[in-house]
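For reference, the chains in residue letters:
2 protein chains.
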Amino acid sequence: MIRDMLGERDFAALKNTLREMNPVDIAEELEELSDADAVRVFRMLPKDTAADIFVELSSDTQQEIISKFKDAEIGKIVGDMFLDDAVDFIEEMPAGLVSRVLANISAEQRNLINQFLKYPENSAGSVMTIEYISFKEHLTVSAAFDKIRREGIDSETIYTCYVTDAGRHLLGDVSVRTLLLAEPDAKVGDIMNAAVISASTTDDREEIANEFRKYGLLTMPVVDNEKRLVGIVTFDDVMTIQEEEATEDFEIMAAMSPSDEPYLKTSVWVLTKNRVLWLLLLMLSATVTGTIISGFEDALATLPVLVAFIPMLMDTGGNAGSQSSTLIIRGMALEEVALADIFKVFWKEIRVSVLCGGALAVVNFGRILLMNHDAMLALTVSIALFATVVLAKSVGCLLPMGAKKLKLDPAVMASPVITTVVDAGALLLFFVIAKALLGV
Amino acid sequence: MIRDMLGERDFAALKNTLREMNPVDIAEELEELSDADAVRVFRMLPKDTAADIFVELSSDTQQEIISKFKDAEIGKIVGDMFLDDAVDFIEEMPAGLVSRVLANISAEQRNLINQFLKYPENSAGSVMTIEYISFKEHLTVSAAFDKIRREGIDSETIYTCYVTDAGRHLLGDVSVRTLLLAEPDAKVGDIMNAAVISASTTDDREEIANEFRKYGLLTMPVVDNEKRLVGIVTFDDVMTIQEEEATEDFEIMAAMSPSDEPYLKTSVWVLTKNRVLWLLLLMLSATVTGTIISGFEDALATLPVLVAFIPMLMDTGGNAGSQSSTLIIRGMALEEVALADIFKVFWKEIRVSVLCGGALAVVNFGRILLMNHDAMLALTVSIALFATVVLAKSVGCLLPMGAKKLKLDPAVMASPVITTVVDAGALLLFFVIAKALLGV
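Chains as they are written, first to last, in the numbering used here: chain Z, 1 to 440; chain D, 1 to 440.
The following block holds chain Z by itself, in its conformation from the complex (with noise of 0.2 Å):
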């Protein structure tokens, strides 16, 4: 739509349509653009919004603009944002660009800013805004609302705000739903909710994204280590908080080191150097199965039919115990399992496995008698293949909960280092009870 107003040079009509449109699909629509375009369209924005569109532009597209901007443009724009949003746009810019940055705000988001860098990634710190709105005890409601008109407009959420005292020690918390249905001459300490939920500037935002999930919070307020109320966060930070944990497990358990960037935007290289690494450490760790193997090499000389029954029984052993670590992993990801009931895990697997072991046995067993008319053959890969999914089951779900107990994350122990455990003993197990029931 604006590429088309653009080409038509009806700039009028595209200044109208800019006001109109949501700040998300403007941004959408300006990374189509060439980087002289965007520009230009970047600076037909109404003021009020252009820092919005900005924040939601990919960090390619916001260098190109900036790197395009005068002096006094920067300074505007990144002044108009919200704190977080300015702290995510700097670590992002490279350092040439951010000394330029630093040098066109005010001294006073400078020191914020620079504050804020401090916190540790994925921190609460890292994730929480100042834009909040609070008040001292003894406010009466009407003049909290008088607070809010003033303030609201700068206030990334008004719909929560908080109380604290002289120290700005938080005090508890008060919705404008609960100002609005009270008196206009109460005091807010006394109709605050003082049981408020709260985090810590170190907290994991994880674990912040599972108290917003668990509690059904519009916003969270941050404290540091004196309790003083530092900032808050919001849900609709939560939200992608959550989209990115749960994406970057889906990488981890797929041996890939995880990335925020969205496919389309990664390169090649990148994606490569993401992957390589793991495929090559998997590959080696799988040649311990190839020298159990050769180990075997006179078993397989005398019965080649048992080669033939190595792929099926690696990929059962994978798949079974995937399914555990997958179960496993995700539970302790939304905190639903925890390291204590590592026995009660362990125990229901070890059912699940005999029960699954044993269906796929017996169909295993049918279908051998059927197709190779041999049955101490169809016995030992059967055999074989039920103790493969006992062991395949119980490494999948004790190697993640072991790895929690390291403090490492669970999700590495997934699909690919369950597979490579599983082979090495799935192949032993294969060949002994092959030497023992066929005498090879």
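Honestly, the hints are just simulated from the structure, not real lab data. Misleading hints may appear alongside valid ones.
Where chains are identical, the list cannot tell them apart; a pair therefore holds if satisfied intra-copy or between any two copies.
Computed cross-link-like contacts, BS3-like style, restricted to lysine-lysine with a CA-CA straight-line distance of at most 30 Å [stated by the list, open to error]:
1) 344 with 273
2) 214 with 118
3) 265 with 344
4) 265 with 404
5) 118 with 344
6) 15 with 187
7) 404 with 273
8) 147 with 187
9) 118 with 76
10) 147 with 136
11) 214 with 265
12) 435 with 265
The hints should help you fit chain D onto chain Z, whose structure is shown.
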């Protein structure tokens, strides 16, 4: 905490504690009590929060409590629920209890519930609620506040209100923030936002969650076929939807039937049922690879060392393929990758696979040369490895997109299926290359 107070029979203190605690935390503790104790504590709850706590309980506990309740108690607790919670609750109850519940609520609520039960699973209609506030256009801001004060206590969220015409058609939305900043005698029709993002009752809940995240929404209105406002979806439900949809994808991608229940609350029987069919299907598919191996038994007899490389080739192919399929499946779930991008995706994966496959082949060549001192063998395995990685990544990106094209869930084309498909290709490539280069 509740258990201890119950043990000490300190009921006055317990009642006080129940008044202070968060409903979610009370529900969590009720789950740990015996059924009789849970019912006893439940009857001590403040009347205005009992329904909030009830909807947080697991369906097992809900069933226990309801079955011990008198008719009047049932009517009261269900009558106090938000409509979407009442519908969720009734969907999980056995038929006998459902009819008892429906017999004890008002005719109006019964009709609404019956109507909501008809919306398709996972549709906007099935997750929306009807507790919203709407205004007519000509209403003044001060009259709007009066209406919010009157109805607000019963509305799931009051912060975004909706403007409709006489026929209940949606005209726009207006936030409490806008109302607070407006003149008391302004008309809501003049200050409302007409560019409101809405959903239709039949829209998929995953799409709605994506819109919430994209636009940072607090609520979204839901309209019927005639564009009449029939309900709203709120951000707290969307957080749950996001997690449930991600969990569903994790489960499908690990070859399981998806389930809503937390792991520890799922019985061994249900866990087995969710897993065993997929395992069986994949096990039977994996026998294709067995047939391929049998077809090349002569080659293996001539050069038994080849067998030792089969697990490494299969595992690496599986891992390389599931890296690609995971990124594409996740990208499509988040609407970052569309079907129209198929050529872009394929070309990207080809380049990545050439780089990854090349690196793996070089390392593998070195390793085999070092351990087996056979350059031709090393070359054979490395070429097969390279070809396997390219094949795996092509299959890994094309299968999920193909599934989407066929209107299947792309998540079924994850690791287990890719592994099964790629195994056969990897073995064929390996044997054909070995025949050509080693003359076996």
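Problem set entry | Hints violated by the structure (listed by number, smallest first) | Violated: hints 5, 12.
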